[in-house]
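Undergrad: Chains as they are written, first to last, in the numbering used here: chain X, 1 to 191; chain A, 1 to 218.
Don't read these hints as lab results, they were simulated from the structure.
Predicted, not measured: the structure shown is a model, and the values here were computed from it.
Hints are supplied without guarantee of correctness; some may be wrong.
Unchecked claim - Under the rule of at most 16 Å between Cα atoms (straight-line distance), these lysine to aspartate or glutamate pairs were calculated in the EDC-like manner:
#, chain 1, residue 1, chain 2, residue 2
1, X, Lys126, A, Glu51
2, X, Lys138, X, Glu180
3, X, Lys126, X, Glu185
4, X, Lys12, X, Asp68
5, X, Lys20, A, Asp63
6, A, Lys55, X, Asp49
7, A, Lys67, X, Glu53
As the list claims (entries may be wrong) - Each pair of labels, with its calculated beta carbon distance range:
#, chain 1, residue 1, chain 2, residue 2, range
8, X, Phe40, A, Pro98, 47 to 55 Å
9, X, Gly17, A, Leu27, 12 to 20 Å
10, X, Met164, A, Leu71, 45 to 53 Å
11, A, Pro98, X, Gly61, 32 to 40 Å
Unchecked claim - Just so you have them, the derived chain X footprint on chain A, three or more residues with Cβ under 8 Å:
#, segment
12, 16-22
13, 57-68
No residue lacks a Cβ here, since even glycine has one placed at the ideal position from N, Cα and C.
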Amino acid sequence: MNSNETDAEIVKRVQNGDNKAFDLLVIKYQQRVINLISRFVSDYSECQDIAQEAFIKAFRGLHNFRGDSQFYTWMYRIAANSAKNYLASRSRKVPAQGIDAQDAEFYDGESRLKDKETPESKMLTKEIEKTVFDTIEKLPEDLRTAIRLREMQGMSYEEIAEIMGCPIGTVRSRIFRAREAIDIELRPLIE
Amino acid sequence: MNKNDETVSAFIDHELSNSEQCEQVDLAVNDVNYRYQMARYQLIGDVMRKETGDKINTHFYADVSAKIAQLEPHAQSAKATQLPQSNSPSLLSQWFKPLSGLAVAASVAWIAVFSLQNVVVQNGDLELNEQIAVHVTSPDVSQQVEFLAKTPVIQHSTPVSANAILQPGSGQLKWQSHLNQPVSQAKLNSYLVEHTEYSTSMQGMIPQARVAGFDLNR
Numbered sequence: 001m002n003s004n005e006t007d008a009e010i011v012k013r014v015q016n017g018d019n020k021a022f023d024l025l026v027i028k029y030q031q032r033v034i035n036l037i038s039r040f041v042s043d044y045s046e047c048q049d050i051a052q053e054a055f056i057k058a059f060r061g062l063h064n065f066r067g068d069s070q071f072y073t074w075m076y077r078i079a080a081n082s083a084k085n086y087l088a089s090r091s092r093k094v095p096a097q098g099i100d101a102q103d104a105e106f107y108d109g110e111s112r113l114k115d116k117e118t119p120e121s122k123m124l125t126k127e128i129e130k131t132v133f134d135t136i137e138k139l140p141e142d143l144r145t146a147i148r149l150r151e152m153q154g155m156s157y158e159e160i161a162e163i164m165g166c167p168i169g170t171v172r173s174r175i176f177r178a179r180e181a182i183d184i185e186l187r188p189l190i191e
Numbered sequence: 001m002n003k004n005d006e007t008v009s010a011f012i013d014h015e016l017s018n019s020e021q022c023e024q025v026d027l028a029v030n031d032v033n034y035r036y037q038m039a040r041y042q043l044i045g046d047v048m049r050k051e052t053g054d055k056i057n058t059h060f061y062a063d064v065s066a067k068i069a070q071l072e073p074h075a076q077s078a079k080a081t082q083l084p085q086s087n088s089p090s091l092l093s094q095w096f097k098p099l100s101g102l103a104v105a106a107s108v109a110w111i112a113v114f115s116l117q118n119v120v121v122q123n124g125d126l127e128l129n130e131q132i133a134v135h136v137t138s139p140d141v142s143q144q145v146e147f148l149a150k151t152p153v154i155q156h157s158t159p160v161s162a163n164a165i166l167q168p169g170s171g172q173l174k175w176q177s178h179l180n181q182p183v184s185q186a187k188l189n190s191y192l193v194e195h196t197e198y199s200t201s202m203q204g205m206i207p208q209a210r211v212a213g214f215d216l217n218r
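Isolated chain X, as found in the complex (with noise of 0.2 Å):
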């Protein structure tokens, strides 16, 4: 079953009232919608509440959501139009009070008078990339290859045992076991 016969296998679980399948879609897709607000709007923290909003938003549509076109593709529309709206509803308000000349260059909108991204929170990011990085750095070879196949290269296992050389169930454990390792490092900082 390929990626998106799972979507929409998802999505008519949602569609006849099992709201948790839609998690499923949230965990999947929840960096590509962020990533494209972003191409829109600078400010990554509100890139983030968009991208929640356009997901609940999706979800209160999903029982129109006819299977016509992919989920992802129906989803992409949605988190573009409510970037745009955002930026429309940006340009609409008028600052509370008036900005001094000589800091006016410097003035973009909220996005830079309400700053949301904490020293914690920057920390918590760098420290997270950090751990993950370093984990695949200490990792036998073929487990770091075979990850890097999969994640970087988006290969499939069929075509990784092909390049390494080995069966497909022996890829399947090796990324598993990659995969493992990082989550051990990486459990105490989410968690």
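Starting from the known structure of chain X, fit chain A onto it as the hints suggest.
TA: For chain A alone, coordinates are given in the frame of chain X:
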């Protein structure tokens, strides 16, 4: 490590068979720890591809899930209003108006035809009845209305008082004597005119029925 965790890893890569994939969807939907594990595996890939941006929100999907749970009763009611109505009530409501209109039109037509059949046909009248039939069936509504308005349906009638009593053995129907009265004739004429006007366009309208005859003894 165990087989189940390895299956989670293969599940997010869509490398399972159809039945296994469906099975994992079932497990994921019913197990919050399964979903957390999925989210962490997904994060590993996002970090490796440098797609995470300036700030990683490790609780993104949990936040969305919580918001959906808050609006869930409303979403359920919204979905409920979208559900199709059962077939029999909608069929009934769809067909009620046209059927009732047809029933009224049929009864009106029956009364009109029955009345016309009992008109005494004389030489001139026969020709007149044919003219009436032609004009009633002509597609031009205004022509029909004009013709019927000017032409009395019953000609060569002798005015009879309102208290006329049916003569035994006269062979005349009681209501026929009432029809001979000018008041009744005027009523019948206007009724036929209006029926023709309404019957040509029944869409959305229920033709108004008028009783052309009456019985004094009732």
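Undergrad: Report the numbers of all earlier hints that the structure fails to satisfy, in ascending order.
TA: The structure conflicts with no hint, since it agrees with every one listed earlier.
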